[in-house]
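Undergrad: Residues per chain are reported as follows:
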Amino acid sequence: MRREVKLDPVSLASGVVIAALGALLLVDSAGGLHLSLGWMAVVLTAAVGAIFMLSGLLGGSGGKNPE
Amino acid sequence: MTRDTRNGWVAGVLAGLGDRVGVDPLVLRIAFVIAAIATGGLLLLAYLVAWAALPAAEGDSAPVARFSPLARVRGDWRVAVGAGLLTLSALLAFRQLGIWWSDAIAWPLALAAFGVALLWVRSPRRAALPADGQAPHVEPPRPSPEARPRRAGSKLAEEYSGAFGVLLVVGAALLFLSSNHVLGGVRDAALTAVVVIVALGLILAPFLWRFGRNLAAERAKRIRSEERAEVAAHLHDSVLQTLTLMQKRADDPREVASLARRQERELRDWLAGGGRSDNGERSLASELRSAAEAIEDDHRVAIESIVVGDCGLDTRADAVLGAAREALLNAARHSGDSGPIRVYAEIDDAGIALFVRDRGSGFDPGTVPSDRRGVRESIVGRMERAGGRADIRSSPGGGTEVAIEIARSDAATREPT
Chain A
1 MRREVKLDPV
11 SLASGVVIAA
21 LGALLLVDSA
31 GGLHLSLGWM
41 AVVLTAAVGA
51 IFMLSGLLGG
61 SGGKNPE
Chain P
1001 MTRDTRNGWV
1011 AGVLAGLGDR
1021 VGVDPLVLRI
1031 AFVIAAIATG
1041 GLLLLAYLVA
1051 WAALPAAEGD
1061 SAPVARFSPL
1071 ARVRGDWRVA
1081 VGAGLLTLSA
1091 LLAFRQLGIW
1101 WSDAIAWPLA
1111 LAAFGVALLW
1121 VRSPRRAALP
1131 ADGQAPHVEP
1141 PRPSPEARPR
1151 RAGSKLAEEY
1161 SGAFGVLLVV
1171 GAALLFLSSN
1181 HVLGGVRDAA
1191 LTAVVVIVAL
1201 GLILAPFLWR
1211 FGRNLAAERA
1221 KRIRSEERAE
1231 VAAHLHDSVL
1241 QTLTLMQKRA
1251 DDPREVASLA
1261 RRQERELRDW
1271 LAGGGRSDNG
1281 ERSLASELRS
1291 AAEAIEDDHR
1301 VAIESIVVGD
1311 CGLDTRADAV
1321 LGAAREALLN
1331 AARHSGDSGP
1341 IRVYAEIDDA
1351 GIALFVRDRG
1361 SGFDPGTVPS
1371 DRRGVRESIV
1381 GRMERAGGRA
1391 DIRSSPGGGT
1401 EVAIEIARSD
1411 AATREPT
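Just so you know, the sequences run in chain order A and P. Numbering of the first sequence is given in the working numbering, commencing with residue 1 and proceeding in unit increments. Numbering of the second sequence is given in the working numbering, commencing with residue 1001 and proceeding in unit increments.
Isolated chain P (complex conformation):
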């Protein structure tokens, strides 16, 4: 909340309050004058406090904040509690000295003010549109060290503070009524009402309990039904369609195998939560899986990939991805029908280790002609330029294994292993 000094008559406190709650400031001013007279001037003190504590809408900070070290520690609960206790102490001192209005007014008012302050703090800010069509005033953002994501605990604390605020306001009202001997007349009526409510509660308790239980059972049944419908819809859209396609392509075993593997991947993803990456950003694990799937589809080979951990795509991870893609392409081209190509990747804070294995015919790395740059440049050279290494282990008839390793940072590279 801010003071609206442009539209205010004195310091803009009531104009700012009116803007905040969406009430015409004139109504607030009339109510303030009546309440100030009724409280013997106590509200004037409250007005002064509000003037000192509230910043102006034009961007000026609160008068008290300009001179007080409190500005540096705004938001610290200890300062708030200390200020509250010191104010209470001052009120008590005034009472002892005889500078006092009346117990029947001052204490309920103090309680109500505290309760309203609690409620105010947790109420959402109201964006009121002024009648003249101007843009609503927006409180300037205040950089604060306390600005951080809210936790679940703070939400609970807010709920409790709200309930406490309501109790304080109700308690203040009751205290005021009791101090002015108004409650005596309504006490009998209130007691009657409480007795009637308790009796009705006792009579209706079994019915209400059964009703609540039926509602819970109904809700559980509806949730189960929705889940079943979702599973049925997914099975129809994916698995049944793929099975139909496989029946049509029964004469092509590689196509059938490719369809089955694609469906398997999709089902596994769906069972695991449906997403490839947690936040939709490109990550090494998701890109590796995508590359494996693309090569699997293009070359009609089976690729089994296991990726442990994940990281973002920086220069080093990009190099690993490029080298792995090249190794997978080589394996897909040359392994033939020797069984699935296996990819195993382990990604952690220290580094990335990736292995691509196939059981194809293999080759002798020493006999690769110098003009064949696939392995030498795209795998080994790429990894060395990025600060890692790649080893090709292969022998004629014994399959091929490409081992790729790189540290995630220079510090990790320098650490002795």
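This is chain A alone, in the form it adopts within the complex:
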């Protein structure tokens, strides 16, 4: 019996963000780019923020604000 494959958009989008982050770090460690600590903070907070935002926008059940 064939299993139906369902895409989880949140996981997919989060994976893309993390893959992009990994690629950036790879380029940095390979010497193609020089990321300072300040820019690293920018990229990391943006990546985590994007994952949260995508999870909230695309995701289903999540804890709701009590307000």
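The set of hints was computed from the structure by calculation and includes no laboratory data. Heads up, the beta-carbon is just placed ideally off N, CA and C, and yes, glycines get one too. Mixed in with the good hints there might be a few duds.
[Stated by the list, open to error] For the chain P half of the interface with chain A, some residues (derived, Cβ under 7 Å), not all of them:
(1) Arg1078
(2) Val1079
(3) Val1081
(4) Gly1082
(5) Leu1086
(6) Leu1088
(7) Ser1089
(8) Leu1091
(9) Gln1096
(10) Leu1097
(11) Gly1098
[To be verified] Short derived list, chain A residues pointing at chain P, Cβ under 7 Å:
(12) Gly22
(13) Gly38
(14) Met53
Fit chain P to the known structure of chain A by using the hints.
TA: Frame of chain A; chain P shown alone:
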């Protein structure tokens, strides 16, 4: 909070803020201009954000909500955290690019804004009455899937978020002072104050501890005293009065027994919490008890009732109540002094089962004349019309039992048993 575009000069943000906190918008505008100059224009950015995020008082939604999918997920904490982190990332990027005001201003301001936002969210809405006597503006209700009763946990979370907000604002102020080298002068004074407070705490600790313990003991004693007074008042109002009445009616044993049973019921109700039904609505259990009490008083017979479970009075429960009342009346009329009439009812989601038993003289159901409609129509017929059944089991000299059964719904009726 909303933007007051009618009374606003630009987009109504400060007018709406003034309405919310009860401060003249002119004062806020002057303070805003001074702060905007002091922060090198950073507050203008905050004004733009507020304009985009706040709905207008006239009912228009926030500009950002009209174009953004965020409107659909308002209230989701993940979106809020994500937006906060992305904003932080943008600020950091500006700093890296050199488009920056000053660390001494921007970070304390960002911290304070976050803290104030937290405090703002948990503060009760202020209903300010305008000076011209018009009705205050009331924010239109927004139907939200999150609208549900608050839990105890959310209250605790609110308290924590409030404390966190206060800490953030205080931390922002300290950070600002420290960044501007103002704290150096007050550090010695603050240290002295802390040392004095700690020393005073150590000196006063035994006294405070004893004082707190005495307060707790006093409170417990007062509660016990109040409880004792309440019990004494109830005993005086009910039990003592009934005992006096029983002494006066000592020549009538049935009256005495009736008084004793009524008092017993009242005491049991009082001990069980004082209420017949949880929410004051009519329920089958409370109506059965009321019917039993009324028949007990009217016919001077003892009725012992046990009701397990409860339900509202719908058509089926109403039929059960009517049939039970008729069975109780028959038992009260015909059982004589053969001992108490017993009622047992079991109510659950599947159905209702009720039994009325007496040890009276009994009768042969087959010999009941056709013109006697009490049992046939008021009990058996009523239950059959409602979709249930009633069985009369009786024999001369052997007492009578009326068994009433009905399902709570049609689905339960169709289920095989």
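Undergrad: It remains to establish, for every hint, whether it holds in the given structure.
TA: Now for the hints, and whether the structure bears them out:
1. Arg1078: With a closest approach of 3 Å, the Arg1078 (chain P) hint holds.
2. Val1079: holds, 3 Å
3. Val1081: holds, 5 Å
4. Gly1082: With a closest approach of 3 Å, the Gly1082 (chain P) hint holds.
5. Leu1086: Nearest chain A Cβ about 4 Å off; hint holds.
6. Leu1088: holds, 5 Å
7. Ser1089: Hint holds; Ser1089 (chain P) Cβ to chain A Cβ min 4 Å, cut 7 Å.
8. Leu1091: Result: violated, 9 Å to nearest chain A Cβ.
9. Gln1096: holds, 5 Å
10. Leu1097: violated, 10 Å
11. Gly1098: violated, 11 Å
12. Gly22: Status violated, d = 18 Å.
13. Gly38: holds, 5 Å
14. Met53: holds, 3 Å
When held up to the earlier numbered hints, the structure conflicts with 8, 10, 11 and 12 and fits the remainder.
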